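> For reference, the chains in residue letters:
2 protein chains.
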Amino acid sequence: MSEALKKARLAHDAAPRLAAAPASVRSRAIEAAGRLVLERAGEICAANARDLERARAAGMSAPLQDRLLLDQARIESIAASLREISRQEDPVGRVVGGSTLASGVRVERLRVPLGVVAIVYEARPNVTADAFALCVRSGNACVLKGGSAAAESCAALAAACADALAEAGLPADAVQYVEDDAGHTETAALIRAHGLVDVLIPRGGASLIRSCVEGATVPVIETGTGNCHIYLHRDADVEKAVGIVVNAKCSRPGVCNAAESLLVDDCAADRLLPPVLRALSEHGVQLVGDRRACEVAASAGVAMGEATDDDWGTEYLDLKMSVACVEDVDAAVAHVNRYSTHHSEAIVSESYAACERFLAGVDSAAVYANASTRFTDGGVFGLGGEIGISTQKLHARGPMGAEALTTTKYVIRGEGQVR
Amino acid sequence: MSEALKKARLAHDAAPRLAAAPASVRSRAIEAAGRLVLERAGEICAANARDLERARAAGMSAPLQDRLLLDQARIESIAASLREISRQEDPVGRVVGGSTLASGVRVERLRVPLGVVAIVYEARPNVTADAFALCVRSGNACVLKGGSAAAESCAALAAACADALAEAGLPADAVQYVEDDAGHTETAALIRAHGLVDVLIPRGGASLIRSCVEGATVPVIETGTGNCHIYLHRDADVEKAVGIVVNAKCSRPGVCNAAESLLVDDCAADRLLPPVLRALSEHGVQLVGDRRACEVAASAGVAMGEATDDDWGTEYLDLKMSVACVEDVDAAVAHVNRYSTHHSEAIVSESYAACERFLAGVDSAAVYANASTRFTDGGVFGLGGEIGISTQKLHARGPMGAEALTTTKYVIRGEGQVR
Numbered sequence: 412m413s414e415a416l417k418k419a420r421l422a423h424d425a426a427p428r429l430a431a432a433p434a435s436v437r438s439r440a441i442e443a444a445g446r447l448v449l450e451r452a453g454e455i456c457a458a459n460a461r462d463l464e465r466a467r468a469a470g471m472s473a474p475l476q477d478r479l480l481l482d483q484a485r486i487e488s489i490a491a492s493l494r495e496i497s498r499q500e501d502p503v504g505r506v507v508g509g510s511t512l513a514s515g516v517r518v519e520r521l522r523v524p525l526g527v528v529a530i531v532y533e534a535r536p537n538v539t540a541d542a543f544a545l546c547v548r549s550g551n552a553c554v555l556k557g558g559s560a561a562a563e564s565c566a567a568l569a570a571a572c573a574d575a576l577a578e579a580g581l582p583a584d585a586v587q588y589v590e591d592d593a594g595h596t597e598t599a600a601l602i603r604a605h606g607l608v609d610v611l612i613p614r615g616g617a618s619l620i621r622s623c624v625e626g627a628t629v630p631v632i633e634t635g636t637g638n639c640h641i642y643l644h645r646d647a648d649v650e651k652a653v654g655i656v657v658n659a660k661c662s663r664p665g666v667c668n669a670a671e672s673l674l675v676d677d678c679a680a681d682r683l684l685p686p687v688l689r690a691l692s693e694h695g696v697q698l699v700g701d702r703r704a705c706e707v708a709a710s711a712g713v714a715m716g717e718a719t720d721d722d723w724g725t726e727y728l729d730l731k732m733s734v735a736c737v738e739d740v741d742a743a744v745a746h747v748n749r750y751s752t753h754h755s756e757a758i759v760s761e762s763y764a765a766c767e768r769f770l771a772g773v774d775s776a777a778v779y780a781n782a783s784t785r786f787t788d789g790g791v792f793g794l795g796g797e798i799g800i801s802t803q804k805l806h807a808r809g810p811m812g813a814e815a816l817t818t819t820k821y822v823i824r825g826e827g828q829v830r
Numbered sequence: 412m413s414e415a416l417k418k419a420r421l422a423h424d425a426a427p428r429l430a431a432a433p434a435s436v437r438s439r440a441i442e443a444a445g446r447l448v449l450e451r452a453g454e455i456c457a458a459n460a461r462d463l464e465r466a467r468a469a470g471m472s473a474p475l476q477d478r479l480l481l482d483q484a485r486i487e488s489i490a491a492s493l494r495e496i497s498r499q500e501d502p503v504g505r506v507v508g509g510s511t512l513a514s515g516v517r518v519e520r521l522r523v524p525l526g527v528v529a530i531v532y533e534a535r536p537n538v539t540a541d542a543f544a545l546c547v548r549s550g551n552a553c554v555l556k557g558g559s560a561a562a563e564s565c566a567a568l569a570a571a572c573a574d575a576l577a578e579a580g581l582p583a584d585a586v587q588y589v590e591d592d593a594g595h596t597e598t599a600a601l602i603r604a605h606g607l608v609d610v611l612i613p614r615g616g617a618s619l620i621r622s623c624v625e626g627a628t629v630p631v632i633e634t635g636t637g638n639c640h641i642y643l644h645r646d647a648d649v650e651k652a653v654g655i656v657v658n659a660k661c662s663r664p665g666v667c668n669a670a671e672s673l674l675v676d677d678c679a680a681d682r683l684l685p686p687v688l689r690a691l692s693e694h695g696v697q698l699v700g701d702r703r704a705c706e707v708a709a710s711a712g713v714a715m716g717e718a719t720d721d722d723w724g725t726e727y728l729d730l731k732m733s734v735a736c737v738e739d740v741d742a743a744v745a746h747v748n749r750y751s752t753h754h755s756e757a758i759v760s761e762s763y764a765a766c767e768r769f770l771a772g773v774d775s776a777a778v779y780a781n782a783s784t785r786f787t788d789g790g791v792f793g794l795g796g797e798i799g800i801s802t803q804k805l806h807a808r809g810p811m812g813a814e815a816l817t818t819t820k821y822v823i824r825g826e827g828q829v830r
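From first to last, the protein sequence lines stand for chains R and V. With positions in the first sequence counted from 1, the corresponding number in this note's numbering is that position plus 411. With positions in the second sequence counted from 1, the corresponding number in this note's numbering is that position plus 411.
Calculated from the structure, these hints are not laboratory results. If a hint is listed, it holds; no wrong ones were tucked in.
Here are the simulated lysine to any residue pairs, SDA-like style, with alpha carbons at most 25 Å apart:
hint	chain 1	residue 1	chain 2	residue 2
1	V	Lys651	R	Leu512
2	R	Lys651	R	Trp723
3	V	Lys731	R	Gly827
4	V	Lys731	V	Val649
5	V	Lys417	R	Leu805
If the Cβ cut is set under 7 Å, some of the chain R residues that face chain V in the computed set are:
hint	residue
6	Ser510
7	Leu525
8	Asp609
9	Ala780
10	Gly793
11	Val822
12	Gly825
13	Arg830
Label pairs and their computed distance ranges (CB to CB):
hint	chain 1	residue 1	chain 2	residue 2	range
14	R	Glu487	V	Gly606	41 to 47 Å
15	V	Ala513	R	Pro433	29 to 35 Å
16	V	Ser510	R	Gly606	37 to 43 Å
17	V	His694	R	Arg428	39 to 45 Å
All figures in this text were calculated on a predicted structure; none of them were measured in a lab. A virtual CB, placed ideally from N, CA and C, is assigned to each residue, including glycine.
Work out the full structure: start from the sequences and follow the hints.
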């Protein structure tokens, strides 16, 4: 049996004890993890330094190295996040419905943990602690598989989490870290652990997610690909348009809620595009557009390449943006619904009717009027951290907090009633 | 392109108009369907008579023929169910959360339709109307594929549903019926219509569901297999035990919430089993059990065969029941969690502690203390009809009404805020 399957089995067997533990005990475990991570900062940073050394030798790019890096400040931020989740409201046991039937039978619908949550992610050590905390908050055991470039950092963090469970009197086996796996055979085994893993959440780039969705036999929640759009309606305020587009594109181009594509009403392109394109250009954004957008860009003195059909469906995750002119709000909605990954989209307009039409028509997890798509975030939405942002419709949609890691159960009490 | 894919595409294209229609218009369509079904009773019954004739010629069993039969009374019951769903509360647009963020941005979380729901079912014509009504109630387009033995009956009912949509000013294409398909190629195409079908709900026996789960590339919700258990704890009241077991096993043995397996505390088997087994035997139930159960049955003068390991995991859907003796409530919980399909299970006991331990420990959609598992039903639970009973944990668990056919969407309104 593969290591991953063995670990999934251990998590599976530990799950009922975690599910049965009171919220206060699970809070204590998350809090203890925050303390242990701080106490072991030196050792965790040393493990991270070894990961980084190997990554540098292997020629990892600077942004990815930065994502992998743990220093004292980042350790403190991980600990702070654990402390915050330890204080969060517990979703387990919440009564979400119920009634007394005509026969006198009492029906209650409760939130209960899913069981075992598997998370496959990239070389971002902090995901280890975050995922652990949200799983414990929701009463789930977890199997974690981080990117192999972060193997030692993740293992050190996972060890602190396991010790924290034990300290709180919970089974340490309820957090499992699947070790380095250059050949991906362990990951492949994990995503096929039907009957042991209740849900798999891949966190990372499109290729990681695609390989999980295609290979998994356990239920998967697709997360985090964001080909997000900003649509400038003819009644857009120019200043708001510039502010929102620049923020959505440039404030953090590598994240999933960053904008990738700009739509503008044909009849207002001459008024709206020049200031927006100039601002983007000043922020170093490479632009591609359709013929009409290229004409406007040329007359505004902004460089713009010709977009190909592929551009409309591409999540650049970089300082690059596609620009298309559309007839009206209905055409904008149709374009978005065709090319979007259904993550986050925004309209900029002072027209009440246009905003409401866009908000109702666009079929995405989060739809904005006159605000940046960058707000789509579990922390910002008040979920207290997130395990991912679901771009699918079943079970969870948008930022997923602890509640998204629960299911419900009907509990029915009677005195011998039959039907 | 296959017929099923063409129809899925038509439903997909009609879905936004259905999703955008006000609740009152969708209510009118469901109500009109009820009226049209009554008006066309003669024609629908004639189509059904042709289906029945073919079914008889093909040697269909009497219970399946009865399930296929439509007569005036059953048409009236279909129409009544449509009327009832037309008056139900509409889940679409319900605000299920939200807040105003520090920046003044208003976040609202709304229920929205899934889009296109595909339902693959057996030769039960009434499912056509029920599925249509719950899909329209939840703002979804639907693609229906009934068992080929009911082809003419289902097509006649689906035609009435399509005409009802048109009468209410909605696109008739939002209900699609996939015609007779002896080779199952249309079904195979339908369950692979990724991007056109948002969720597939198979309704029927274990083999239909398994073939859908294994073959589908669209998201599936597993429904309706019920290897349900009744556990008689040492402190069970004998009268309640007899009443509940007989009702759960015998009142309708062919349905998924019927009990299939009986567990009893070893130390109380001599007191509890004889009256229960005698009552089951009087109702014509064939019994199989473990060694200890067989001994008790023998001394009570009740016939009982020896159970094989396969029996514990079998859903008989017939007047047959397996009987096992267990050490205590923890052993009962472990047995149930191992062999159950996680549908409905019940404990009979006057012990508060035993009941609460069973209710908390059993990992099924519906868990009962001192009541029959037969209550697990969307109508009984007040969901107003059901599209199926989910035995999985993601998205929906237990009886699924209209709300289970929706997802949520975040709608965010601002005045130019950026992050």
